[in-house]
Amino acid sequence: MLLELTNVVAGYGGGDVLRGVNLAVEEGTITCIVGPNGAGKSTVFTVISGILKPRTGQILFKGKSLVGLSPQQVLTRGLVQVPQNHSLFPAMTVRENVELGAYMLRDRSLVRKRYDEIQALFPTVRERASEQAGSLSGGQQRLVEFARCLMLDPSLVLLDEPSMGLDPKTLREVFKTITTMKEAGRTILLVEQNARAGLRLADHGVVMESGQVRLDGPSEGVLNNPEISALYLGGSVSKQAAGA
Amino acid sequence: MSLLQATDISKAFGGIQALNACSIAVEQGSITGLIGPNGSGKTTLFNVITGYERPDTGTVQFKGADISKYGPDRIFGLGIGRTFQLTRIFPRLTVTENMHVAIKRKGLASLLGRWSASSEHDRALQLLQFVGLTHLKDAPAGSLSYGQRKLLELAFILVAEPQMVLLDEPAGGINPTLIGQLVERIRELNRQGMTFLIVEHNMEFVMGLCNRVMVMHRGAKLAEGTPEDVRANPAVLEAYLGD
Amino acid sequence: MATVAHTQTSAGQPGRSGAGRWKPFQIVFWLACLIAAIVFPLVFSSPAITTIAFFTLVFAAAGTAWNIFCGYSGYIALGHAVFFGSGCYTIAILCAHWHIAGGWLPFAVVPLAGVAAAIVAVPFGVVALRTRRHTFVVITIAIFFIFQLLAYNLRGITAGSSGLELPIPPWSGYVFNLPFYYVILVILILAVVTSWFVRHSKYGLELLAIRDDEDRARGLGVRTGLVKLSAFMLSAFFVGMCGAVWAYFVESIYPNTAFDAQFDVLIALMAFLGGLGTIAGPLLGALILQPVTQYLTISIGQSGLNLVVEGVIFLAVILLLPQGIVPAVRELIFRRFARRDAMPVAPAPPAPAAVAPATEPNPPDSVAAERS
Amino acid sequence: MSLVLQGIVTGILTGGVYALMAAGLTLIFGVMDIINIAQGAFVILGAYLSYWLSVHLHIDLFLGLFITIPVMFVLGVILEWLLIRPLKRDRTQLSILVTYALAIIIEGLLYFFFSADNVKLFAWYTTQSIPVGPFYLPLIYLLAFALSVVLLAALYVLLYRTKFGRSVRATTQNRAAALLIGIDVERVAALTFGVGVALTAAGGMAYGATTPFTPNSHYDLISRLLVIIIFAGMGSLGGALIASVGMLVIENVTSLLWSPVWASTVFYVLLVIILLVRPQGLFGKFATRNQ
Amino acid sequence: STGGGSSSSGPITIGISLSTSGDFSADGKAFTQGYQLWAKDINAKGGLLGRQVKLVFLNDASSPQQVTTNYQTLITQDKVDLLFGPFSTLLTKPASVIANRYGYALVEGAGGGPSVFTQGLHNVFDVSLPVANNLNSFANYIAAMPAATRPKSAAYATEDDPFTQPQVDSARAILEAAGVTTAYYKVYPAETTDFTPIAAGMVNAKAQVVVTGTLLPDVSAFIQAFHQQHYNPEAFIATAGPDQGTQFLQSIGGAATAEGIMVPNGWYPDLNAPGNAQMVSEYIAQYGGTKSDISSDVPEAYSVGQVIAQAVTQNNSLDQTKLIATLHSGTFQSVQGPVKFDSTGQNTQAQAYLFQWQNSQLIPVFPANVATAPVEFPKANWPA
Ligand SMILES: Nc1ncnc2c1ncn2[C@@H]1O[C@H](COP(=O)(O)OP(=O)(O)OP(=O)(O)O)[C@@H](O)[C@H]1O
Ligand SMILES: Nc1ncnc2c1ncn2[C@@H]1O[C@H](COP(=O)(O)OP(=O)(O)OP(=O)(O)O)[C@@H](O)[C@H]1O
Ligand SMILES: [Mg+2]
Ligand SMILES: [Mg+2]
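Protein chains in written order, with our numbering: chain G, 1 to 244; chain P, 1 to 243; chain W, 1 to 372; chain H, 1 to 291; chain C, 1 to 384.
By construction, these hints were calculated from the structure, which means they are not laboratory data.
Glycine is no exception: its CB is placed at the ideal position from the N, C-alpha and C atoms.
Among the hints, erroneous ones may be present.
Unchecked claim - Restraint ranges, calculated between C-beta atoms of paired labels, are given here: (1) C/ALA178 x W/ARG133: 52 to 60 angstroms; (2) H/PRO86 x G/ARG55: 19 to 27 angstroms; (3) P/ILE16 x W/LEU319: 46 to 54 angstroms; (4) W/TRP104 x P/THR134: 56 to 64 angstroms.
Whole structure, please, built from the sequences with the hints as guidance.
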């Protein structure tokens, strides 16, 4: 296992938000977490990336504990996170924002090379390179955040709702990139409210609810589990429309 | 006469023409979808309609009256409420207090009276129940999860019962099951006479809910029609949906 | 009173689940405060003490008034000395103009001074309230200086740097302070009551919404310009009255004592220290800060070390009770209540209501209880 | 006419001194979103350090900077660690209190060690001047202006041309995101505070060499410095220089042509008008949009 | 507190509020020294009415509000027997009101602004020179010069302060009457920190006489600016600042720069007045330095003590009513010369002397009967 959470309990000052989370991410796979709003999905990410310290429990990455490490140290271990909202530097240009993704890298030519690759991949990054990131539209900002995480070549990428705000075409690009990353040997852990799409992309599905993992297994199984489907994956809107 | 009519709206930011002679009309009692690629100007159009941005040219009319020069407070007062794509709630107020900000003030008495004793209080609590935030009603809104904030914002717009509601990506980040319930709720409010204009990238949601869909592209309207028409429109496929 | 509970939740604390039981305590607490304030100068009748008590109440009232606007709306104004000074000059000029002799009569002019300050707040507010955050802070500082400079330079009205004198009451030293004490106490009570009403009204909620996100509030129909300006005027009205009473007490005013930059800083500090946006906060802040600074100045002021001790006390309070004293104490009390109650920020029960039945029952209380 | 010209020239030169004092404030403000009320007190402390070195150890004022700047830097780093870092929430507001407390502590200590007497810094060049056309340019102002330009340029390079600078600006704009891309925001904050305070050593020396001071002088300074940096737009270094110069030129010219008592009034009125038109300050930027 | 007021055998307590921080702290320090020197002297002589004298100092941080508290504390809590005044007109006003309220006499040495005496109080007494006349000796000296050598023009700049401005205006009236034209006259705010434009204006006016209504910081800034601008007026006088001994010399960079600068005062170290020589020598013994290092604040404070002591001794009582009556009627001696109060409490006997820095000494140069050297006119150029 590349990443393993055992009995993680964590919270923000008040009560516990995570109440004993157990989670394992296998190397070279895509794992997708789904669950209701407020289940604690994003909290799992903040705990892994060292922003929030767990109260108890163990987090192992490549067999070594991450507990107590600062966000930089976690990053050095090869773990990158794209948070759910607003993580750009609004007054800096798009280019500076993307380049800052490689803040930890010392090799300048490598940074340049990566940047060239990324701007080839995403036209928005290229076209808006010298504009303030804060002036972009919601979806464009989301895309830049995603592009930024590609600057490092991490072994594990945490993506919190990569699909949010993206138009269908861009969404396909992003999902394609995620698959490419996996094929290149990266491991990906993502949270998706666009649950069916997320699970279809993933190898492994995790259902979280009330700060605990409720179900964990191959994504096919999760997708096809009728109870889970009804509870967390929603029915089809068009079907209901037909009824109305 | 449409309920809301935006005519020839243009808006530029530096070199970027966010809106380019864009005209749309929303009929009373409809649920209209507004879709388009990222950066096509949907949010900017919302900003212009709700008074957060002045158009460079063009006019916005609501119920036949020109509102292009009004501020957001006045426009809300006329009956247009909106949510934001990047959710904006009042982080240091409790969830319940957030609900009360939007409730209309009727005269000085209601302004100076205690909000917690107001007649709308029960309705606010019911809506919280609906979006599943009852257990968090006394928590500061800033401590909500992303999706919960979105739901809260939606709830406090709905509690104000505006005549027309503009929703900017209401389904993004919301659990699919709850989306289903949202759809139901929107339909019901619509039956009671509320008009909706909804920006959303979740096609299932848009196509299932809306009776009319407009497509924006590069700051102007590209297509308009029933969901089926739009879905079949090759220009829309090309610009937005992809193959 | 539910006062404390409400403000507390908006400061980011657990909810008011204990508010029901909390209420009688609060009423008793406030009543006790009131009685203590009334009998204080009768028990501690030494003029040395009543003088400090008087100044303390002046600051408590001014701080409470400052908080009505700044604490609730989040606009940190450092120019309220303009209102204080306007109050001072109004009473001085009116007393001179109407030939009012020392005694009770000048107190009747005090409300007029408040009105004058509120009138001054209109142009001040119209200009300053168009800006926000740091720009607002600096604009208020700038406007403060403009007023101070006007007080210096409009010699025809203010007598410039020679200052103005107020009529001297004929009362003997040992009872002299009492009328002033009770007049300012009445103003303080009015200010606190006003603050309470504002805090619990829809109007106050609008101010708080402005604090959190003004543009969003506008988009929800809050007439932000009007709400801010009226609160600013309300705040100015009380500060102006404080200035008038203060001026009558010290009996001579100058541009730099009536329009005093330190006053701006002090009332803000008191509100911060006690708890910004709470009702009792500025009061408590003044109750602590004013006597402590005056006492330290008297007791160890000879070496200049009073400033060091003052600063260190300050630092200690801020670093130990960062949210201010009132919220900190309240959190403490709530912890005790929470021992028996569930904390409201409990783990999320099954999220969408309709989905609930299918999931296992999951009483939030059990977890919360064991945690606290 | 030459009088006006002279007013402008001396305004520009004295403006340099103010810019030097304001630069640290705007840096700390811009990066940490902290209004450092103690900045004026640091300036005075810096001036007293220079004074002490020159009176007791006979070290030249400019040479003394090689001692006082590092000392003030270390002091800044320590104070950030001790007082600012522990503030976890409402930093912006609480830091006003903390730094105010710091200011009065510094003032009190200066009373204790240096007494309340007026002090001024002297060196051979403080009374020298260079004839230029019809008037003389005081050498100390020229030197202070040069020092100011050099230090501001160095600071500019540090902020806009180095990786450290980028991390500083990133931290300013989005602390949480800066953490996630691997910036050690606490280290950035400590260094920024250190640099901001270190600049006051130079600013204090320049101030003390041109104006008599007492431990109490910081009150007059801080309000003027705050005004300058908001006028400039927070975090803008070039803006700070231009705003300082603008302020002093306006005051000088009004003072010469009309009356000193109206000089500040004119400046403040102008300030209010300009901020109403550009609330973000002359060189500030707004990056947020409604969406 | 020891409650000295009630006992008749313990020490006599004297309450004083002075500024150890804030705007007046520098003067506050000098005043403290003056009061303490006096107390030491009188105690060495066996005290007052046979009792030792004890001074109770409170710091007022230069704030009128604190002064109000302090004098009430001194009177009602410490129950002091006598009150000495604070420093400055600004603080003397509230202090005198409080003293009046409790029937105390307030004798002071540095609250000479005219508004102190127009309040209609009968308990306030200023032992020093009435402020408005301070510069008159200088103006009269210039006016008395032969027309040929008399300067033709003068430049005036004064802080907007009730202490300085009346003096400058009074001098200006005399000079204008004597045909000295006004080339520059500006009032500037007390908060000014940047004096360059005012200095530039005066330099530009190229007047032969410069009269500044200043306190120490401003005058040293002016001197530096004039020095830098190579502007050498023939006469240069400041209302205050050059009388502050070491502090003054430090703030202008040494005695060489001080050469020829004038200041009006009611006192000088060699003044032939009762107790003066002793005070000077004790000051030097206690605080070091030379006699020209002594700030004129010191004798102002010292005189307060002397005057009260004489009045108390005359009455053989600490009774305040009697004290006030005696102060109004009697004539007293002080290190600043004779003291006699008019009905408002100003000293009618005070002499205004003109002093000038010559060869590192501040010496009296006018009027002739006290002058130890002639006026150095024109003033020497600034050192290179
Ligand atoms: N900063 C915070 N302070 C206090 N409570 C918080 C904070 N952030 C989140 N919570 C609480 O923790 C719980 C889990 O939040 P989290 O953000 O992990 O949910 P999530 O599963 O990511 O939901 P969503 O799908 O809406 O993003 C929520 O009930 C929320 O109210
Ligand atoms: N304040 C602004 N400054 C500069 N450019 C802006 C500003 N507001 C909008 N734009 C630009 O206008 C264009 C339209 O933006 P808008 O937010 O309206 O798009 P959108 O259709 O809502 O996109 P999305 O689906 O991503 O939310 C974008 O290119 C954006 O960068
Ligand atoms: Mg989340
Ligand atoms: Mg948008």
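Checklist entry - Among the hints numbered above, which are violated by the structure, and what are their numbers in rising order? => result Of the numbered hints, all hold.
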